[in-house]
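S.K.: What follows is the residue order along each chain.
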Amino acid sequence: MSWFSDWKEKRAKKKAEKAATAAAAPAKKEAAASSAPAAAKGAKAPEFIADSPIDGYVPGLGAPPGGKINIAIYWAAACGGCDVSLLDTDEKVLNIGDMSNILMWPIATDGKEKDIEALEDGEITVAMINGAIRNSENEHMARLLRKKSQILVSYGACACLGGTPALANLVPGGVNEIKDYVYGVTPTSANFIADGGRKLEDVMPRPEYNAPEGTLTLPVLYDTVKTVDQVVDVDYYIPGCPPTQKSIAALLDALVGFVYRGEALPPKGTTVGVIPKSLCEECHRHKENRRITEVFEPHEVLNIDHDLCLLDQGILCLGAGTIAGCGAPCTKADQPCRGCYGPPKPVSEQGSSIFTAIASLFPIEANDAKMNEDDMDDIMSVIKDPLGYFYAFSMSKSLIKRAVNEGGQ
Amino acid sequence: MTGPVIWDEKKKVDTNRITIDPITRLEGHGKIEIFLDDKGDVQNAYYQTPEVRGFERFCIGRKVTEMNQITARLCGVCPGAHHLASAKATDGCYNTKPTESAFRIRDLFYNAHFVHSHIAHFYALASADFVMGPAAPAAERNVLGVVGKVGLELGGAVLRTRSKAQRIQAMIGGKATHPVMAVPGGVSIALNKEDQREILSYAEDMVDFAKTTMEVFKSIVLGNKEYVDIIANPDLYYQESYYMGLAGKDNALEFHDGPVRVVDQNRKEKYKFDPYDYLDYVAEASEPWSYQKFPYLRKVGYKGMQSGPDSGLYRAAPLARLNVCESISTPVAQKEFEEYREFFKGLGVEGSVHFTLATHWARIIEMIHAAERAVENASDKDLTNSDIKQPDISPGGRGVGIIEAPRGILFHDYTCDDNGLVTACNLVVGTTNNNGPINVDVAQVAKGLIHNFEVSPGLLNMVEMAFRAYDPCNSCATHSLPGQMPLTANIRSIDGELLETISRE
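Chains A and B, in that order, are what the protein sequence lines are.
Note that the working numbering gives residue 71 to position 71 of the first sequence, counting from 1, and the numbers run on in steps of one.
Note that the working numbering gives residue 286 to position 286 of the second sequence, counting from 1, and the numbers run on in steps of one.
None of these hints come from the bench; they were simulated from the model.
As the structure is a prediction and not an experimental result, all values here were calculated from the model.
C-beta atoms are modelled at their ideal positions from N, C-alpha and C, and glycine is treated no differently.
Just to be clear, a hint being listed does not mean it is correct.
Claimed, not checked - Listed next, the in silico SDA-like pairs over lysine to any residue satisfying Cα-Cα at most 25 Å (straight line): (1) A:LYS287 x A:PRO336; (2) B:LYS11 x A:GLU113; (3) B:LYS193 x A:HIS284; (4) A:LYS332 x B:LYS193; (5) A:LYS114 x B:GLU454; (6) B:LYS31 x A:GLU139; (7) B:LYS270 x A:ILE193; (8) B:LYS303 x A:ALA190; (9) B:LYS193 x A:HIS306; (10) B:LYS31 x A:ALA211; (11) B:LYS299 x A:ARG198; (12) B:LYS303 x A:GLY214; (13) B:LYS149 x A:ASN101; (14) B:LYS272 x A:ASN191; (15) B:LYS272 x A:ASP195; (16) B:LYS299 x A:ASN191; (17) B:LYS303 x A:VAL203; (18) B:LYS10 x A:GLU213; (19) A:LYS199 x B:THR432; (20) B:LYS31 x A:LEU144; (21) B:LYS303 x A:ARG206; (22) B:LYS31 x A:MET204; (23) A:LYS114 x B:LYS10; (24) A:LYS332 x B:GLU100; (25) B:LYS193 x A:ASN303; (26) A:LYS287 x B:ALA190; (27) A:LYS332 x B:PHE103; (28) B:LYS447 x A:PRO212; (29) A:LYS199 x B:PRO288; (30) B:LYS31 x A:ASN176.
Said to hold, decoys possible - Estimated spans, in silico, between C-beta atoms of each pair: (31) A:MET380 x B:GLY301: 44 to 54 Å; (32) B:LEU347 x A:PRO172: 54 to 64 Å; (33) B:ARG398 x A:GLU294: 25 to 35 Å; (34) A:GLU123 x B:ARG398: 47 to 57 Å; (35) A:HIS284 x B:GLY308: 54 to 64 Å; (36) B:ASP310 x A:ASN101: 45 to 55 Å; (37) B:ARG267 x A:GLU123: 54 to 64 Å; (38) A:ASP121 x B:GLY301: 49 to 59 Å; (39) B:PRO331 x A:ASP115: 44 to 54 Å.
Pulled out of the complex, with its shape left as it was, chain A reads as follows (with noise of 0.2 Å):
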């Protein structure tokens, strides 16, 4: 392309240009500039950039040995951040082009829901879910995938714990409560019943529809907002909102592994791309375990302290109940972890775990069981909306699981 060499040429010439007219100190910038991949290998928080090196990534890998395996990649209720993480791979993308044929990817092709259908049981290698189930064309496209596949992995926090969909959970009456509010009740919907007389009933999204021209339809919403796994048997486990590159490199190795080396998979169950400890190892600040005695927002602290715990900083960061292998972005980022990585194994309630984790901070000793019951409230009742706070990804995995109306259900 003539366009593309003249352009070339045109910033070849402006580079040279540049660097003899700032020929003093030019060195540094343009090594910062020509190798973008080599810096992301420096010191800082290498691990969560777009053009992060996926260890044991092998360029050019070419069609594995046995051929290419079949590889579904699909969003349920999701927010699309996942499959920018695979994409955020760059042109370890690739990768998996040499290793698969992808049969689907709705967020880029056709879903193909029928030549889905047309496969042979297990004629899929690996299918990756991502996204919450909360309606019922969801739940019928991961029943539709566990058939037809051998690996199934549940991807990311809404697959694997609910994520933020699952706040939805906290509406006591569910779809119709929410869908009331949503075209309802907002200042926006309000008045556009209001100013043209209209009835909500006759505006109302509805799962069938008769048009002039013919019959239009929409899936029916769920009420409660559900984890993959709880409506499908799943094999791996990879957490996140999104996953970061290096647990994605770790699903992705054992993949390469297994399609060209014949190497074993983990064992069924495995939560992929973790380090089975708790965030707070994996974080740069220190612990002073310090009492609590007052809770700040992390706008409340003028100048966070980046080397000591924000727990120790009266912030209430979520990692001493979170697992590792994310890299600690947040924590890096003077922000509390809010736990998009799930509990560590084996606890099963995230929110809880860390509730009880953060109370025993509190500056109620041993000798004082005879504190009343109003001072205990006093003091806990700094911390605000502690199911939404502490729950934040994980609502379907938990035993709360949902709000209910008194009588619901």
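Place chain B on chain A using the hints.
M.R.: Same frame as chain A, but now just chain B:
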């Protein structure tokens, strides 16, 4: 190289209804239903969105300081936009504004976000349709086909430059996808001189690459008369709507902060309002056949799926922003903007540019501007200031944060109590602004292309190009996808029985 494949062979179908389900290369799930009349012409078409997650309701009771985390999960492709719109709304709930130093850091983050998003969109989505052609074989009509045609060097440059834009966001926000840096009145962490040098070098490369992208666009799209004819055909991708966008100083192009400006079909100012007054100007219709709402200008009124002075439908995103603005503050983008306006003047356009496919051109002008702005931000001697948080602020009240997301103006409106818990929440989201106009375009393009029961894979893709122009988001996803991007259309009888399947393969 051989030219793009624009037209393909049509085939007669024996049905009155064509369903495209799911439509592809967009963010989220979607389908199109096309209804034919007795002559085989298009009677009507519907663009349906089959999901709703109900963020507005389940955000009630949450900590307002967590809203920039929760709402970022509305979209993992444009999380930076939600994160910052939410930050602005939360600033409002705290009756504060970010410090100057914090605003500068947010602004730099956001310009990098725009560059990442716009690069990905042009090369992944748009370029596949233009370089290979709307009717090219599916196996070639993807980014690998594009790279094969224009060269691996460009492909590598695309990936590397987008990576640099992501890297800037990760350096500021902890993570590029679902960043964490925003706090009420500021950001969580300051930048140091070393960060600044690294960011500046990336930003300079982004400007170079954005300029290259403009050359690519001019060579491939504007250099092809057939494309120019399609773009400028008033029977296809053309719609006389209103336009909405943020207004900077002297109505310059603005992504981050300012009043909202609406222009009419003749590009005359219709409204200019403070973000806190948006409820007087914007309302959202709903229809029983789509979970996605249909925003419109409240004072003009809702007339369903039609555009024009009497219908309140307005458009957002790059085409709208370049109709709304009078100038661009950075030199290279301003020059390109003048050329853009001149080009359409040459076609007799004095007022707003109504050609939907011009959105692609507008997007690249914006990419250049965002990259130039990132260089300005990264060169600022005050970038590394440490006063990044507001002291002594407390929650209680309403906050409205309006920002330009890459795919359209974005509204976050929260009210919280004195404990900092959310009591009301309203969201009007980027692409949602264009929901009505996308329906209008999809129906018009279907009507313009499908006659006498004659359909082809290429024609159906051209129907999809109508919505694709609006939605840069999935570009991030498609930009480095190997393999095929086929589309299957199921042709059904009125009672839903599958009669025939047309595939692009």
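S.K.: I'd like to know which numbered hints this structure contradicts. Please list them from smallest to largest.
M.R.: The structure breaks none of the hints.
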